[in-house]
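Student: Letter by letter, the chains look like this.
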Amino acid sequence: MAIAEDQRLANPLVEGLQLTRRPEPCAMVIFGASGDLTKRKLFPALYSLAYRQLLPEKFGVVGVARTEETDDEFRERMKAAVQEFGRDDFRDDVWKWLADGMRYVAGTAEDGDDVFVNIDDTLTEFDRDRGTSGNRVYYLAVPPPAFETIVKGIGKHRSTQGWTRLIVEKPFGHDLESAQKLNTLLHKHFDESEIFRIDHYLGKETVQNMLALRFANGIFEPIWNRQFVDHIQITVAETIGIEGRADYYEHAGAIRDIFQNHLLQLIALTAMEPPIDFAADSVRNEKVKVLKSIHTPGPKHIVRGQYGRGYIEGQEVPGYREEQGVDPSSLTETFIAAKLFVDNWRWADTPIYIRAGKRLARRETTIAIEFKRAPHPPFEELAAEGLRPNVLLINIQPDEGVSLAIGAKVPGQGLQIRTVHMDFLYGGAFRTDLPEAYERLLVDCMRGDASLFTREDEVIEQWKLVDTIVAFWRRDRPSFPNYAAGTWGPPSSDELLKRDGRSWRRH
Amino acid sequence: MATTLVTVSAIERKLAELRLSDGGSRLRTSVMTHIAWVPEEWVEAAEDVLAGLAERHPSRTIVLFPQSGGDGLEGDVEGESFPMSESLTICTDTIRIRLHGTSAEHPASVVEPLLVPDLPVFLRWRGVPPFGEPAFEELIGVADRLIVDSTEWPGLPKPYARLAEIFDRVAVSDIAWARTSRWRPMLASLWPSIGKVERIKVTGTEAQAQLLVGWLRSRLGRSIGLQHKRSNKLVGVELDGEPAPFPPGDPPLPADLLSDELDKLSRDPVYEAAVVAAVT
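The listed protein sequences correspond, in order, to chains X and V.
507 is the number that our numbering gives the last residue of the first sequence; the numbers go up by one with no jumps.
1280 is the number that our numbering gives the last residue of the second sequence; the numbers go up by one with no jumps.
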């Protein structure tokens, strides 16, 4: 049972009750309702939220896309999507509740204002029949070229009562200039507090757990600095190729697909100072400071790669240039590695090595904090040959968890030391399924909590860094492909660490 | 029998499931990933040794069975717990994968996603490794240490020449070498008279004979003749016709031999020199 937010304060009976905090009534409009994201992520997330009664009690959702479709056809299509991609069992009563509040509006940019009039009519109907109170969440799950028309349309028709929020999917621009232009466009119609730039990595439990790990435990934060940390390694590795998205990927490459958003966000969360509280702006203020202090890497500290033919799970897979829709002489990078420095009091001279790519040997997203060696191990050299430095490993996928490598004595005669691995599987400690990132982020937006969304200045800092790197790259022609699918990237990526007497973590 | 898993991601999911379903601790320790490459003719022998291994090395074991023909892979996963005391249980998982077609030629792409992160990888290769072939080359690229038993190799000492070529790429352990470990201290105790030995006669396996003479040649820095009398155990060494005393103690068990090698992490220069000298 839920009790409305405004009644909570006045109601003395609420004290001590465990109540679900449901967001205020609102209507959601999804632009790009026939797209992959809506099918794979958004509707399964909405269904799971409905399943747990986490959606507003008064709710409705409008799908907008080019395809001509009736409300019922839209419902059928989304029902199939939820059944295929949802994480919960399919319950007719839950679906019926959600489906009752589903409408579809067909339209393209060429239809001009008519589309927005139609959307507006539907929303007014929702306000009247479903009590959505003029509150709106607009979700832009469309390619960037469509942004302008939609943003203008929404701006023109925005509701005069209640609140309006706009969720913008990546890519947020393709360089600094376009991102700034996009910001200017958005700000013409929306206040920064109404704009929610989504980076679904931030919705993942382990990423948020990073904050808990660092700031809820007295033992980590005191050693989380240049004095104790030797270096940090962040890996975002995928085994999949471009999955038919050549159009997008040819222009994006690994740097815009992963580095600009997910990777830089992971760096920011790992390196940031403790925020004074978890209010949206406190956290984001700290994150943006990190992004600002990332030293622009020189060309020697950046490696790019592109996969050629190779093997994944024992099966031969084509090289990037052979993928459908890709230019056979494409210079798009599918791998990036870099050595970065955060120039501040805490991290000066502590390298952060990052790498991200497609068609690598294993799917994993990890942050590894490698600590300095014990200053003088009082063991015989031979006895300690199996000893590696302590590593705190934060596993973001596939299995969310934390592990710590520590040196321990091998039982028996003498004092032989070797590294053992204490492995804490996050899902195992709490008897609850981990929510999907999109569930968390959708509810946060409905509640108006922007902590896990990217702010304007973060995006700007991210693009500044990307633009400098891309400018270096324009100066030469790489000899691609330079790594085989199913390996850990080009040899130059290993050399990047070897030069410093380090190596990538073993996998 | 569990259902067959046909993709690496299905195997990964099964491993995660196993971990969540065991009622015990969510905290787990492991020390390594152990890969075994087991061609058809070695299946039985391999299973026997593995049975004794799990208790001593909390690890993930990946047993690969290359098959001729067909396509794709078939895997199954088994989790085992060994109660050590009331409050302590050692958990291991064993993944068995039959590799068909290209996956048998490119096993690294199957194995890499399944390694326990950050821990050393040991590769046990049954029979003579196919030096230079992609499957072997790929797997030693993944492994920190290769464990062979040259007792299993026909045509010695010739294959030692190929083995010596990979010393710079991967640390090597040879169980045949471990099987001479009682004899070497005893022979060393015969110094200085053994320093003048011209030829030795070894009653034992071909591998033991070759490695012992290689060891003496490389340590003493000169050529020494070898006479070999076949036996499935090392039972006697003669130095210039004089029988050497029998070393004390019992010969180690097969699971112990493998287990001891799994405690070693770096290269063994004395063994490497013995291998090189065995072929010269």
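Simulated from the structure, these hints should not be mistaken for laboratory data.
Be aware that one or more of the hints could be misleading.
What the hints assert, rightly or not - Once the Cα atoms are required to be at most 30 Å apart in a straight line, the calculated DSSO-like pairs of lysine-lysine come out as: (1) V/K1158 <-> X/K409; (2) V/K1264 <-> X/K79; (3) X/K181 <-> X/K156; (4) X/K372 <-> V/K1014; (5) X/K292 <-> X/K498; (6) V/K1264 <-> X/K39; (7) X/K498 <-> V/K1014.
Student: The structure should be examined with respect to each hint, and the outcome stated for every one.
Tutor: Evaluation of the provided hints:
For the hint pairing V/K1158 with X/K409, the CA-to-CA distance comes to about 40 Å; that exceeds 30 Å, so the pair is violated. This hinted pair does not check out: V/K1264 and X/K79 have alpha carbons roughly 56 Å apart, beyond 30 Å. Of the pairs offered as hints, the one joining X/K181 and X/K156 holds, with about 19 Å between alpha carbons and a cut-off of 30 Å not exceeded. Distance restraint check for X/K372 and V/K1014: the Cα-Cα separation of roughly 35 Å exceeds the 30 Å cut-off, and the hinted pair is therefore not satisfied.
Using a Cα cut-off of 30 Å, the hinted pair X/K292 and X/K498 holds, with the two alpha carbons roughly 28 Å apart. Distance restraint check for V/K1264 and X/K39: the Cα-Cα separation of roughly 52 Å exceeds the 30 Å cut-off, and the hinted pair is therefore not satisfied. Proposed proximity of X/K498 and V/K1014 is contradicted: the alpha carbons are some 36 Å apart, above 30 Å.
When each numbered hint is compared with the structure, violations occur for hints 1, 2, 4, 6 and 7.
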